[in-house]
Amino acid sequence: MLARRIIPCLDVKDGKVVKGVQFVGHEVLGDAVDMALRYRDEGADELVLYDITASAEGRTVDYNWVRDIARALDIPFCVAGGIRSAEQAVKCLNSGADKVSINSPALERPDLINELAEMAGSQCVVVGVDSRELDGDYYVHQYSGDPDKIRAAGRRTLDWVVEAQNRGAGEIVLNCMNQDGVRKGYDLKQLRLVRDLIDIPLVASGGAGAVEHFSDVFDQCDVSGALAASVFHKKIIHIPDLKRDLQSAGIAVRI
Amino acid sequence: MSKVVVVELGCANTASVLFALERLGAEAVLSSDTAEIAAAPKLVLPGVGAAGFAMSQMRELGLVDVLRNFERPLLGVCLGQQLLFEGSDEGDVECLGLIPGKVTKMIVPENYVVPHMGWNTLEPLKTDPLNDGVNAGDYAYFVHSFVCPVNDYTLTQSTYGAAFAAMVRKGNVWGCQFHPERSSATGAKILENFLKI
Numbered sequence: 001m002l003a004r005r006i007i008p009c010l011d012v013k014d015g016k017v018v019k020g021v022q023f024v025g026h027e028v029l030g031d032a033v034d035m036a037l038r039y040r041d042e043g044a045d046e047l048v049l050y051d052i053t054a055s056a057e058g059r060t061v062d063y064n065w066v067r068d069i070a071r072a073l074d075i076p077f078c079v080a081g082g083i084r085s086a087e088q089a090v091k092c093l094n095s096g097a098d099k100v101s102i103n104s105p106a107l108e109r110p111d112l113i114n115e116l117a118e119m120a121g122s123q124c125v126v127v128g129v130d131s132r133e134l135d136g137d138y139y140v141h142q143y144s145g146d147p148d149k150i151r152a153a154g155r156r157t158l159d160w161v162v163e164a165q166n167r168g169a170g171e172i173v174l175n176c177m178n179q180d181g182v183r184k185g186y187d188l189k190q191l192r193l194v195r196d197l198i199d200i201p202l203v204a205s206g207g208a209g210a211v212e213h214f215s216d217v218f219d220q221c222d223v224s225g226a227l228a229a230s231v232f233h234k235k236i237i238h239i240p241d242l243k244r245d246l247q248s249a250g251i252a253v254r255i
Numbered sequence: 001m002s003k004v005v006v007v008e009l010g011c012a013n014t015a016s017v018l019f020a021l022e023r024l025g026a027e028a029v030l031s032s033d034t035a036e037i038a039a040a041p042k043l044v045l046p047g048v049g050a051a052g053f054a055m056s057q058m059r060e061l062g063l064v065d066v067l068r069n070f071e072r073p074l075l076g077v078c079l080g081q082q083l084l085f086e087g088s089d090e091g092d093v094e095c096l097g098l099i100p101g102k103v104t105k106m107i108v109p110e111n112y113v114v115p116h117m118g119w120n121t122l123e124p125l126k127t128d129p130l131n132d133g134v135n136a137g138d139y140a141y142f143v144h145s146f147v148c149p150v151n152d153y154t155l156t157q158s159t160y161g162a163a164f165a166a167m168v169r170k171g172n173v174w175g176c177q178f179h180p181e182r183s184s185a186t187g188a189k190i191l192e193n194f195l196k197i
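Residue numbers (full-length UniProt numbering), protein chains in the order written: chain A, 1 to 255; chain B, 1 to 197.
Derived from the structure by calculation, the hints contain no laboratory data. Treat the hints with care, as some may be off.
[To be verified] Pulled a few chain A residues facing chain B out of the computed Cβ check, cut under 7 Å: (1) ASP45; (2) ASP68; (3) ARG71; (4) LEU93; (5) GLY96; (6) ASP196; (7) PRO201; (8) ALA249; (9) ILE251; (10) ARG254.
[As the list claims (entries may be wrong)] Residues from chain B that face chain A, not an exhaustive set, calculated with beta carbons under 10 Å: (11) ASN13; (12) MET117; (13) LYS126; (14) PRO129.
[Stated by the list, open to error] Counterexamples of contact, computed for chain B against chain A with all Cβ distances above 10 Å: (15) SER2; (16) GLU86; (17) ALA188.
Glycine included, each C-beta is placed from N, C-alpha and C at the ideal position.
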């Protein structure tokens, strides 16, 4: 039985894991390789490593850092941040990443999704979507790694996720920005709407604060994975306990 | 120390396979060179991406016959397992033909998502040196949209909508549909088994 994935997300800035509230004001939490290994040991199913400043600064991820993580880890990980060409993505995969996630660059040039899927295969291509609710609809935002550059991308989230899938994305990570960093639960309504529109795996992001937030999002939104950062980094939720609780609630998890 | 040559086709996540072998103490070398590959004590054929692209790379590098004629242990990983079969519906391409059967697009119930991405349980069907110590219910990490058929050469199956071959063997040729290099302790055990063959 395919297990639901628990995915700690490490927002990385200059090789350190950081955490901001609503993306603003970063606090250093630890070294990226050390934290990746800690989560591996605790039973994380996958890691996402976001170089949160790369896209806003117009640079790409540092492949040596990807290589360091790949050398140490024996669970899958996805790298995000500033990947602008299929060649860069392949370089990232060749450095040991299992998947690459593209966000702002895909909004700037949607053909990047097609190029990447053609070159590396859809299964390696994750499209990250930062979505905010405004006046009863959902809108995509870009450059969310930098509070000075963040802006609405001029696209409806529900249109963009379908377009991303049609262009060859193999997975969508939907980050619901209204929920991000405040630990009040995932945006179940928005995630369910997106899940019903697409046929590729959907990963929920933004808002996890308690065990029931995870069981709710798996039960009610049928997402393939749930991503969280601060609750894990600050040890509010311990992954082995979370997985035991999810298993007791009848949710398939890898223990 | 066991030496393994990892075949570099220019389309695969070769680094993670190389690192996993190194973690187990093997001397792992990445190569596209026909002579080095033909002379390897053991080969790993990794793969991520499309079967058509991988086969065209293999032809361009002159590796098709080298792999077909290889007589020592060969392990195909992920797409690498699919390439061992006769052909693939992905791009309607002829593959190595080392294992009978055709790779087909995964057919799943309507509410399932594709690709099959994540940790799924293994169901061993036969005992073999490669799946020694692998128990029913152990998890491995999969990422794929095409599947190899369950047939006489299936060692271990897994199920997503329908059963498919998760591990295969015919003679000196083995395959894993999942990524052992990314399957934590279970994957490490399988790679260790391969190094001991």
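Cross-check of the supplied hints:
Nearest Cβ of chain B to the Cβ of A:ASP45: about 6 Å, under the 7 Å cut. The hint holds. Because the smallest distance between the Cβ of A:ASP68 and any Cβ of chain B comes to about 10 Å, over 7 Å, the interface hint for this residue is violated. Taking 7 Å as the C-beta contact cut-off toward chain B, the hint placing A:ARG71 at the interface holds, the least distance being around 5 Å. Annotation: A:LEU93 was flagged as interfacial toward chain B, and the flag holds, the nearest CB pair being 5 Å apart, inside 7 Å.
Given the 7 Å rule on beta carbons, the hint for A:GLY96 holds: about 4 Å separates it from the nearest Cβ of chain B. Taking 7 Å as the C-beta contact cut-off toward chain B, the hint placing A:ASP196 at the interface is violated, the least distance being around 10 Å. Hint status for A:PRO201 relative to chain B: holds, with the closest Cβ pair at about 5 Å, below 7 Å. The restraint placing A:ALA249 at the interface with chain B is violated, with a minimum CB-CB distance near 18 Å, outside the 7 Å limit.
Among the interface hints, the one on A:ILE251 is violated; its C-beta lies about 13 Å from the nearest C-beta in chain B, farther than the 7 Å criterion. Look at A:ARG254: its Cβ gets to within about 4 Å of chain B, closer than 7 Å, so that hint holds up. Interface restraint check for B:ASN13: the shortest CB-CB distance to chain A comes to about 5 Å, inside 10 Å, so the restraint holds. Here the hint on B:MET117 is kept, as its CB sits about 5 Å from the closest CB of chain A, short of 10 Å.
At its closest, the beta carbon of B:LYS126 sits 21 Å from a beta carbon of chain A; the interface hint therefore is violated under the 10 Å criterion. With 10 Å as the threshold, the beta carbon of B:PRO129 stays out of range of chain A, its nearest partner Cβ sitting at about 21 Å, so the hint is violated. Listed as a non-interface residue, B:SER2 keeps its Cβ farther than 10 Å from every Cβ of chain A; the least gap is roughly 18 Å. At roughly 21 Å, the least C-beta separation between B:GLU86 and chain A is larger than 10 Å, which holds for a residue marked as non-interface.
Its closest Cβ contact with chain A, about 6 Å, brings B:ALA188 to no more than 10 Å, contrary to its assignment away from the interface.
The earlier numbered hints that this structure contradicts are 2, 6, 8, 9, 13, 14, 17.
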